[in-house]
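> Spelled out from the first residue to the last, the chains are:
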Amino acid sequence: MRLEAAIAVRHLMARKRQSLVSVAGIILGVAFFCAIAAMMRGTENDFIKRLVDNSPHITIYDDFRTARQQPLFELYPAGAVELKNVKPLPENRGIRGYQQALDFLAAYPGVRASPVLAGQGLVNFSGRDFGITLNGMIPEQIKDVTTISNYMINGSVDDLIVNPEGIIIGAELQRKLSLHMGNVITITAPGGQVRAFKIVGVFRTGRAGYDESQTFLHIKRVQALLNRPDRANTIIVKVPDPYSAFRIAAEVEQRLGYKAVSWVEASQDIMNALAVRNTIMYSVVSAVLVVAAFGIYNVISTVVMEKQRDIAILKALGYTARQVKQIFLIQGACLGVFGCGVGIPLGMLLMLGLGQVTLKPPGSTEPVNLPLDWGAGQFLVAAVFALSAALLAAYLPARKAAKVQPVDILRGGA
Amino acid sequence: MAAGDVLLSGEHIRRVLTGDVPATLVDDANLEIRTGEFVAIIGPSGSGKSSLLYILGLLDRPTSGEVMLLGQATSALNDDARTALRLKHLGFVFQAHFLLPEFTALENVLLPMQRAGMPDTEARARASSLLTDLGLKDKQNNLPRQLSGGQSQRVAIARALANKPSLLLADEPTGNLDTHSSAAVQDILRGLAHEAGRAVVVVTHDAAFAKSADRVIKIVDGRIVAT
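For the protein sequence lines, the chains are A and B, in the order given. Mind the numbering: the first sequence is residues 38 to 451 in our numbering, read in order. Mind the numbering: the second sequence is residues 12 to 238 in our numbering, read in order.
Isolated chain A, as found in the complex (with noise of 0.2 Å):
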């Protein structure tokens, strides 16, 4: 083998410039293809991370996914039993009894979870008027399912523990309404209940929609204004590992009864998008490097027509098919790891570049950095495929080589 790759680098090192295009191809793809994936992953990666970080990993809603029994059902499961004209009674929408529902969950290990009823408001300050979505929770349980903790600029949660007719509300609202720490306004709910609540802290997340639309209270002010007492109409759970969530949101809702949606279930559409997103960019960065891979054939091939005497002598002298085979596609992988050698490190160059630039996207009010994926995948896969793309760009010219007939080429003389 060492003798074959003697004479393969000698045939390489003797067309040096052909080799250099030939090899910048892989170098180009490997580079981009590092950078692309490492955007593409980073961002996906910082996607669901915020989406794990940033939502509920299971809510709880105060709703069926099929209708409920009828209680003389579950009494004689196997009875020839029918019902007509059933007309359930009218009640107050929302989950009933949430602290039972609480105590269940709170036999999981490290999980936490919090009752939160929401509806819609109409805040009413100094003459103008704003929609808002009030979220009722308890401030001591909301910290540990929710980040709103990390978003305020000024007070805090706990501020509505010693100030329950306080509210918390988003920095674009206090913008809008040109509102200050401390101000007092009116909410008015849809059945017509008005309430005042001093503004306690304000939150930045940077979604301008968010900001502008939700807002904190203490629940038990939030049911009193929406008139549903000891109701809450989602329960927000946080479970230790993130992947579990699928699990245990069916346990709760076949114990619970109410629909029990995990993180993974509500994103099921955006998980399948990336997907796509990630189909779509390997099959782009690929056709690089299949192009660049065109690039190796192109050399190799032009080496195998030019060198059909060498090789004809090679196996005069005593050189198999399988030998010479091997100096072409020794040349394919030469090439292959130089430009793997070389585009690796381009592409942290390039991805370096890219983690420099900072963006700020459509409904967000703070700048980002381009989140980039370090991890050693990409550039395995990189070098994976570079690899067999100029292995296989080589094998074609390599077989033909084996092929050759030294008889039909020495019988031409000089």
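Incorrect hints may appear among the rest.
Claimed, not checked - Computed cross-link-like contacts, BS3-like style, restricted to lysine-lysine with a CA-CA straight-line distance of at most 27 Å:
#, chain 1, residue 1, chain 2, residue 2
1, A, Lys53, B, Lys150
2, A, Lys437, B, Lys99
3, A, Lys362, B, Lys99
4, A, Lys397, A, Lys213
5, A, Lys86, A, Lys235
6, A, Lys362, A, Lys53
7, A, Lys124, A, Lys180
8, B, Lys99, A, Lys440
9, B, Lys148, B, Lys175
10, A, Lys257, A, Lys296
Unchecked claim - Quick list of simulated restraints, FRET-style, between CB atoms:
#, chain 1, residue 1, chain 2, residue 2, range
11, A, Ala51, B, Ala219, 32 to 42 Å
12, A, Arg359, B, Asn153, 30 to 40 Å
13, B, Glu206, A, Gln442, 29 to 39 Å
14, A, Val327, B, Glu206, 27 to 37 Å
Said to hold, decoys possible - Away from chain B, derived, C-beta distances all over 10 Å, residues of chain A:
#, residue
15, Arg47
16, Ser92
17, Arg149
18, Gln157
19, Pro201
20, Phe283
21, Asp306
22, Asn315
23, Val321
24, Leu351
25, Tyr356
26, Ala370
27, Gly392
28, Ala413
29, Val444
Calculated directly from the structure, the hints in this document are not laboratory data. Note that the structure is a prediction, hence the values are computed from the model and not measured. C-beta: ideal position from N, C-alpha, C; glycine also.
With the hints as your guide, set chain B onto chain A.
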């Protein structure tokens, strides 16, 4: 010099090219090459001299007949086995030197020895010795383009001798050389033929060169007409 054991024999060798116009290159050739012989194959252009040489050198397969090398039938052997026999027992010199242009003279001579697995130090010493014997001591590190035609052909002879072949086959080895270089190469080949246990078969147009051979095989239209 007296001929010794049979090194190579051809029995009823026939080589036919198939195609739109079939052509018989070699027709029922029977011959023996013995150790110590210097044999010349002569004949008009297109008579089948080179075709016969390539068949004897296991570079081509006869359509029918058998080539026996050191008593071993070769027609049924696969390509790898025939390649191994070539490596071990045969050496070739062609009209063109066919040196690998990226390798120096020494490296070209090293190629067959490295292929045969000879230790590097031993191979280098032998390659250097062969080149020195052929008057190329100071040209060992020259690339083929830095050598004259005669010098290149001597490097090719050194390469052919690298693995101490029993039989050296030369196809018009002086065809591209000037008179002076041609005479030198002829002397070398004649000398090699008479080394112990070796034979040399040369295809040539050069009547004087053929005349100096121990035996002359004449081919006309693919048939051996005199031996």
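> Each hint: holds or not?
Hint-by-hint comparison with the structure:
no. : hint                             : result
1   : A/Lys53 to B/Lys150              : 26 Å, holds
2   : A/Lys437 to B/Lys99              : 26 Å, holds
3   : A/Lys362 to B/Lys99              : 21 Å, holds
4   : A/Lys397 to A/Lys213             : 20 Å, holds
5   : A/Lys86 to A/Lys235              : 33 Å, violated
6   : A/Lys362 to A/Lys53              : 21 Å, holds
7   : A/Lys124 to A/Lys180             : 41 Å, violated
8   : B/Lys99 to A/Lys440              : 22 Å, holds
9   : B/Lys148 to B/Lys175             : 19 Å, holds
10  : A/Lys257 to A/Lys296             : 23 Å, holds
11  : A/Ala51 to B/Ala219: 32 to 42 Å  : 39 Å, holds
12  : A/Arg359 to B/Asn153: 30 to 40 Å : 32 Å, holds
13  : B/Glu206 to A/Gln442: 29 to 39 Å : 31 Å, holds
14  : A/Val327 to B/Glu206: 27 to 37 Å : 57 Å, violated
15  : Arg47                            : 4 Å, violated
16  : Ser92                            : 64 Å, holds
17  : Arg149                           : 71 Å, holds
18  : Gln157                           : 81 Å, holds
19  : Pro201                           : 88 Å, holds
20  : Phe283                           : 59 Å, holds
21  : Asp306                           : 60 Å, holds
22  : Asn315                           : 45 Å, holds
23  : Val321                           : 39 Å, holds
24  : Leu351                           : 7 Å, violated
25  : Tyr356                           : 6 Å, violated
26  : Ala370                           : 19 Å, holds
27  : Gly392                           : 44 Å, holds
28  : Ala413                           : 38 Å, holds
29  : Val444                           : 4 Å, violated
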